[in-house]
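Spelled out from the first residue to the last, the chains are:
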Amino acid sequence: MLVIVDYDLGNLGSIANMLRKLGHAAELTSDPARIGDATRLILPGVGAFDQGMRNLRNRGLIEVLNYKVLTEQVPVLGICLGAQLMTRGSEEGESPGLGWIDARTMRFSLREVSGGLKIPHMGWSDVSQQKPHPLFEGMYEEPRFYFVHSFHFDCEDPRDVLTTTHYGYEFASSFARDNIWGVQFHPEKSHKFGLKLLDNFARISEPAAIPVTTSAI
Amino acid sequence: MRRYRVIPILLLRGKGLVKTTRFKDPKYVGDPINAIRIFNEKEVDELVFLDIEATRTGRTPDLQTLSDIASECFMPLCYGGGVNRPEFIEQILKTGVEKVSINSALVEDPDLVRHAAREHGSSTIVASIDYKRGLFGKAQVFTHAGTKGTGRSPVELAKLAEDLGAGEIALNCIDRDGTLQGYDVDTVRKVADAVSVPVIAIGGAGSLADFRSAIREGHASAVAAGAFFVFHGKHRAVLITYPGQDALREQVYA
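Here the protein sequences come in this chain order: P and G.
So for the first sequence, this note's numbering puts the first residue at 1; every next one is plus one.
So for the second sequence, this note's numbering puts the first residue at 1; every next one is plus one.
Errors might be hidden in some of the hints.
Listed next, the stretches of chain P that the computed footprint assigns to chain G, with coverage defined by at least 3 CB atoms under 8 angstroms from CB atoms of chain G [said to hold, decoys possible]:
| hint | region |
| --- | --- |
| 1 | 87-96 |
| 2 | 122-135 |
Some chain G residues close to chain P (C-beta under 7 angstroms, calculated; not the full set) [claimed, not checked]:
| hint | residue |
| --- | --- |
| 3 | S71 |
| 4 | M75 |
| 5 | G121 |
| 6 | S123 |
| 7 | P198 |
Hints in this document: simulated from the structure, not taken from any laboratory.
Beta carbons: idealized from backbone N, C-alpha and C, even for Gly.
Full structure from sequences and hints, please.
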């Protein structure tokens, strides 16, 4: 089951709407037991970093999420704040992040963002794919996605960067390492590009099932 | 390449979509769900949907229609009209629409904007400011679908909206509405330069060149229009159009 983690931050309706349109079953829940049964996780979120970590903690979700992602290694997709929470921490807050990916979340550098550019970066931007990845398999030409953010990831290992985007300067707009993927943009608001990406995510083959040994008679 | 949002604005009156001229003479242009589906297929950057009678008639937001739209249209959607209570904002956002436009309540109940921005995040709250240029060119903000003067200037209200936490300013020149004669670029620039949040220019767009000048000369972060996307030719036949990516790239972003 694909589970969208509901931790009371941001509007999750549109992600569920998009998965429904694609014909994928998904459950929106904050129940640790249901999250424990997930075969794929989406960690969404719009809002402030510390509030996000606090909500995860108060709902008792950090332990089960760590187990699912780090031990069971189920595919996880972070969206916007959800992806930022996967980093070690953010310039937006004091709280440490989940630390699943070797990255920090940085404020857009206003010194470098000039020429009438305003923060937040709000609107559509092109993304430039940096490595092959199942999330972008069969992606339409010149992919563009909808962004709303004042902070962005800064990956320590450049090999983790999945796409880059230019706004004032080039920043990592998504990352991917092993089963841990995060996008700064909003696929659920990005027309066919987002539909393709979320469809790809929902179709990623299940983690190898434990083979059932049957006795040879 | 930097992209700028190009946003159709659809006006709801009763059950149908209309387009006004200077906020008057609403002309029926079609069924809302059908029009929104067409815009969705054209992959518009964003869509604004305003119920222009809601505040005057005391109508509450039509949540069922909003849900129907949000479950099919995967783009940023903004709703406005009669948004004067916190629970409306919450209900609207729950449908999957992620921006709420506040116009009359910005003047009458600024705390609503402050609380909504704190509760739901600045990026979900759009402050909508309608204004007219008087005889001597002085701009004054009007509420209640352009029927009620406030004696305040667009710059003053835009700054107030920013202080209250609104994430965007939608600036609409009533004198230009539906005229296709170009934006009031001077006022757009005055407001855009006075605030640090994005300003959406509205009112008068008749060509891609108008979009470009609102961005280049008016310093708008995004441009929106009504008549430009729904009327065709000098007889104003109803035809829904939206520029293709090549046209946007060459004539608007460049």
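| Does the nearest C-beta of chain P fall within a distance shorter than 7 angstroms of the C-beta of M75(G)? | Since the shortest Cβ distance to chain P is 6 angstroms, the answer is holds.
| query | Three or more residues of the region 122-135 of chain P near chain G by CB distance under 8 angstroms? | reply | holds (count 5)
| Do three or more residues from the region 87-96 of chain P put their C-beta atoms closer than 8 angstroms to C-beta atoms of chain G? | violated (count 0)
| field | chain P contact restraint for S123(G) - C-beta distance below 7 angstroms | value | Since the shortest Cβ distance to chain P is 5 angstroms, the answer is holds.
| query | Taking the closest Cβ pair, is S71(G) under 7 angstroms from chain P? | reply | Check passed: Cβ of S71(G) comes within 5 angstroms of chain P, closer than 7 angstroms.
| message | For the restraint on P198(G), tell me whether the closest CB of chain P is nearer than 7 angstroms. | response | holds, 5 angstroms
| field | Restraint satisfaction for G121(G) [CB to CB of chain P, less than 7 angstroms] | value | holds, 6 angstroms
Comparing the model with each numbered hint stated earlier shows that hint 1 is the single one that does not hold.
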